[in-house]
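2 protein chains.
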Amino acid sequence: MATKGTQTRDRIVERAAQVFSERGFFGSSMTDLLAATGLKKGGLYNHFESKEQLALASFDYAVGLVEARYTEALRGKTGAVERLLAIAGVIRSLVDDPALRGGCPILNTAIEADDTMPVLRTRACAAMTGWQRLIGSTVKNGVRTGELREGTDPYAVATVVTATLEGAVFLSKLYGDPAHMHRAVDHVSDYVRGLAT
Amino acid sequence: MATKGTQTRDRIVERAAQVFSERGFFGSSMTDLLAATGLKKGGLYNHFESKEQLALASFDYAVGLVEARYTEALRGKTGAVERLLAIAGVIRSLVDDPALRGGCPILNTAIEADDTMPVLRTRACAAMTGWQRLIGSTVKNGVRTGELREGTDPYAVATVVTATLEGAVFLSKLYGDPAHMHRAVDHVSDYVRGLAT
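Note that the protein sequences, when read in sequence, are chains U and H.
The numbering of the first sequence is my numbering, which starts it at -8 and goes up by one.
The numbering of the second sequence is my numbering, which starts it at -8 and goes up by one.
None of these hints come from the bench; they were simulated from the model.
Each hint should be verified, as a subset may be incorrect.
Remember, identical chains collapse to one label, so a pair may be satisfied in a single copy or spanning two.
As the list claims (entries may be wrong) - List of simulated lysine-lysine pairs, DSBU-like, C-alpha gap at most 35 Å:
#, residue 1, residue 2
1, Lys42, Lys32
2, Lys131, Lys31
3, Lys31, Lys68
4, Lys32, Lys131
5, Lys31, Lys42
6, Lys(-5), Lys32
7, Lys68, Lys32
8, Lys68, Lys(-5)
9, Lys31, Lys(-5)
Here the structure is a predicted model, which means the values were calculated and not measured.
Between the sequences and the hints, there should be enough to build the whole structure, so can you do that?
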């Protein structure tokens, strides 16, 4: 059973994650974070030694929400094409029914952190690499079983799928219009089906 | 001839644009901006009434650098496929030889500004719309002349091309590896050639 301290910590992270997701690391002031968590400064520092520590925990929480969607969507799916289509479907679902308001945690964190906060940048990199490996290993398996064409490059597929979908998250958010995501998922789906033998 | 005031203003914008490009709006402190421009606070405020005004001018300057690359790359090109390939080529060139260090100004600005700074967000939106219209009108012309297949959707092509290339700018920057951009441009080039009759 979770202790009271752990429950408080979890609640802080859950609420802070929503603030960071919408306002970014630099855009989230201590005032914003205290208002969202309902704590005083001392109470927050009992659980996290710095804003950066809280941002790291919030990032892990946000990525965990998306990973849970993947686990659910991939359950029972073994074919390479159906798995790749399910991955695209998860990202589509995040635009229509977001895990957190504010866009993709990897994209948001990486754009802000890349030149300024190496620790957050490393975390964003690891999350993206996890996603690319999921796609790459699915492609490798598909080639081995003969479902996908011989010579299909797992790295190229991972780049194309993640780049197109991240770009579409960005466009849909910028315009407040899910049409960009829908068009991008249609394109990725055609592309994935085109890899089949 | 540019007056001394205009020259100073231009030099401020040029240097501030580099700071904003790498550190973002919130990540760029007045100290950073003063150090980069070599001015005292009062000197900066002679030319820009706020950090936001300076950020807007810097954004326009950064977008202008990219637009100049497009003008150059599209000169003398009239075919739809060659124009779309040239557009992809410009984005590829920005990874290998950036106009400013720090990634795509539209992507960086939009990600940071979308939930927090409506004026910058509007500016990023307008720049993206300009890019999408360039692609969309190229596709419309190509369909009209019979170079591209009847029924090719200009909106879908604009979304797929901009999403894939923006996503690739992001991935290449995140990993410090231009391979992501090269793979994405190869994919976009195949896609564009596939639209031809």
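If the cut is 35 Å between Cα atoms, do Lys131 and Lys31 qualify within a copy, between copies, both or neither?
The answer is neither: 51 Å in one copy and 58 Å across copies each exceed 35 Å.
#### Entry: Intra- versus inter-copy proximity for Lys(-5) and Lys31 (alpha-carbon distance at most 35 Å)
For Lys31 and Lys(-5), only the intra-copy Cα distance (17 Å) is at most 35 Å; the inter-copy one is 51 Å.
> Taking 35 Å as the upper bound on the Cα-Cα distance, should Lys68 and Lys(-5) be classified as within, between, both, or neither?
Replying inline: Neither. Shortest intra-copy (39 Å) and inter-copy (67 Å) distances fail the 35 Å Cα cut-off.
* When no copy is named, should Lys32 and Lys131 be tagged within, between, both, or neither for a Cα gap of at most 35 Å? -> Answer is neither; intra-copy 50 Å and inter-copy 57 Å both fail.
Item to check | Copy assignment of Lys68 with Lys32, given that the CA separation must stay at most 35 Å | outcome: neither (47 Å within a copy, 60 Å between copies)
Notebook entry, point to check: Which holds for Lys(-5) with Lys32 at a C-alpha limit of 35 Å: within a copy, between copies, both or neither?
Noted result: Result: close within a single copy only, 19 Å intra versus 49 Å inter.
request  = Go through the copies and call it for Lys42 and Lys32: within, between, both or neither, with a Cα cutoff of 35 Å.
outcome  = both (11 Å within a copy, 28 Å between copies)
Check Lys31 against Lys68 for me: Cα-Cα at most 35 Å, and say if that holds within a copy, between copies, both or neither.
Neither way: Lys31 and Lys68 sit 47 Å apart in one copy and 62 Å across, limit 35 Å.
- Task: Go through the copies and call it for Lys31 and Lys42: within, between, both or neither, with a Cα cutoff of 35 Å.
- Result: Both, since 14 Å and 30 Å are each at most 35 Å.
The structure fails hints 2, 3, 4, 7, 8 (numbered hints given earlier, in ascending order).
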